[in-house]
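A.B. asks: Under full-length UniProt numbering, the first sequence has 154 at position 154, and the numbering climbs by one with no breaks.
Please keep in mind that the hints were generated in silico from the structure rather than gathered at the bench.
Source: prediction; values computed, not measured.
We treat Cβ as the ideally placed atom computed from N, Cα and C, and that holds for glycine.
Among these hints, one or two may not hold up.
Across the chosen pairs, the derived CB separations fall in these ranges [claimed, not checked]:
id, residue 1, residue 2, range
1, ILE238, LYS293, 15 to 25 Å
2, ASN145, PHE246, 32 to 42 Å
3, LEU32, ILE184, 48 to 58 Å
4, THR20, ASP268, 56 to 66 Å
5, SER31, THR183, 38 to 48 Å
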Amino acid sequence: MRAERFLSILIIISQKGLVTGRALAEHFEVSLRTIYRDIEKISEAGVPIAATGGKGGGYYIMENYTLNNLFLNKKEIEPLIAVMDNLKFLFGNNPQFNDIVLKFETLRNTEKKECDNLSIDMSHFSMEKELREYLFLMNKAIEENRILEFEYINRKMEYLKRVVEPIQIEFTDGHWYIIAFCTIRKDYRKFKLVRVRNMKLGGVFKKNLISKEEIKKIFSESYEKNSILVTLKFSSEIGGQLSEYFSKEKITLLENGTYIVEDFFPEDEGLKKFILGFGNDCEVIGPDKLRKKMVEYIKNIYSKYND
DNA sequence: GTCTAGTAAGGCAGCAAGGC
DNA sequence: GCCTTGCTGCCTTACTAGAC
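Please work from the sequences and hints to get the whole structure.
C.D. replies: Here is the structure:
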């Protein structure tokens, strides 16, 4: 704890140039006396920290002394800083996270030129404010083993109450999820954050010792169990777009210029909408039951426009 | 379980230096 | 001179680890 504070004090002084002992004491929530002792120990360790008294005074690191990037090289720092930039936007109200960001910003000062060629955006345009608030609550709940209560919007636009024991925050396919044990469904579930409303922190729960790998396996098995092998035929016009949705080995180019794609999909409403998203350029070849479902689905749409 | 030593931290008092 | 800030010494408290 103390060694960690020493390093943070050094980084803060290095980052800000001049910092008062009082400011450091407030930041670390310790007494001024403790900060003086810390500064003394840091100086004894050979770091040239100097001080000026009076108004406008404080601690500073003497010229020509820089903090080395001990563990990371330039190429490793670049993607980390891009990610930290994003996470700062999302977790900015977490004091512990802000300390980490400060450390990375210190690295940025020495690596600035190398950080400009990578940009990552993990925000969501429709619920920026809620996203930040929910991520903060989720993070806190996981750290303190606390229940999360929220309303979850299902496909029928019904608001269903959920009480969950959170395990992990995940960012996949451009969306944030909370992986948790649902105390209502008595099962592990993945909740899409854009469907969550009115999230609140609840009481403390006893942490289940299930590993992240086991949970991953549960979701993977569930996905496979609910998935079917689908064969799709695409027109030559849409060929270029297929690589956005499918891996190379799943796409076969036929002699007539059309494409065949074979892949596993979860068998739900989303699949039909996904296929229809390609419009007239996609045809279901198999399985037959999906082809029949598509026919019914399209008939329903047609009837809406044929009054 | 109890005692002891070490460590970390807080509080207080007094002093020095610098800026306004 | 007053205010702000740093510096130091002394005492106390709380916690932890090790010895018995």
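A.B. asks: Take the hints in turn and mark each one as holding or not.
C.D. replies: So, going through the hints one by one against the coordinates:
1. ILE238 / LYS293: 15 to 25 Å: holds (22 Å)
2. ASN145 / PHE246: 32 to 42 Å: Roughly 40 Å apart at Cβ, these two residues keep to the hinted range, so it holds.
3. LEU32 / ILE184: 48 to 58 Å: holds (50 Å)
4. THR20 / ASP268: 56 to 66 Å: Taking Cβ atoms as reference, THR20 and ASP268 lie about 59 Å apart, which means the hint holds.
5. SER31 / THR183: 38 to 48 Å: holds (43 Å)
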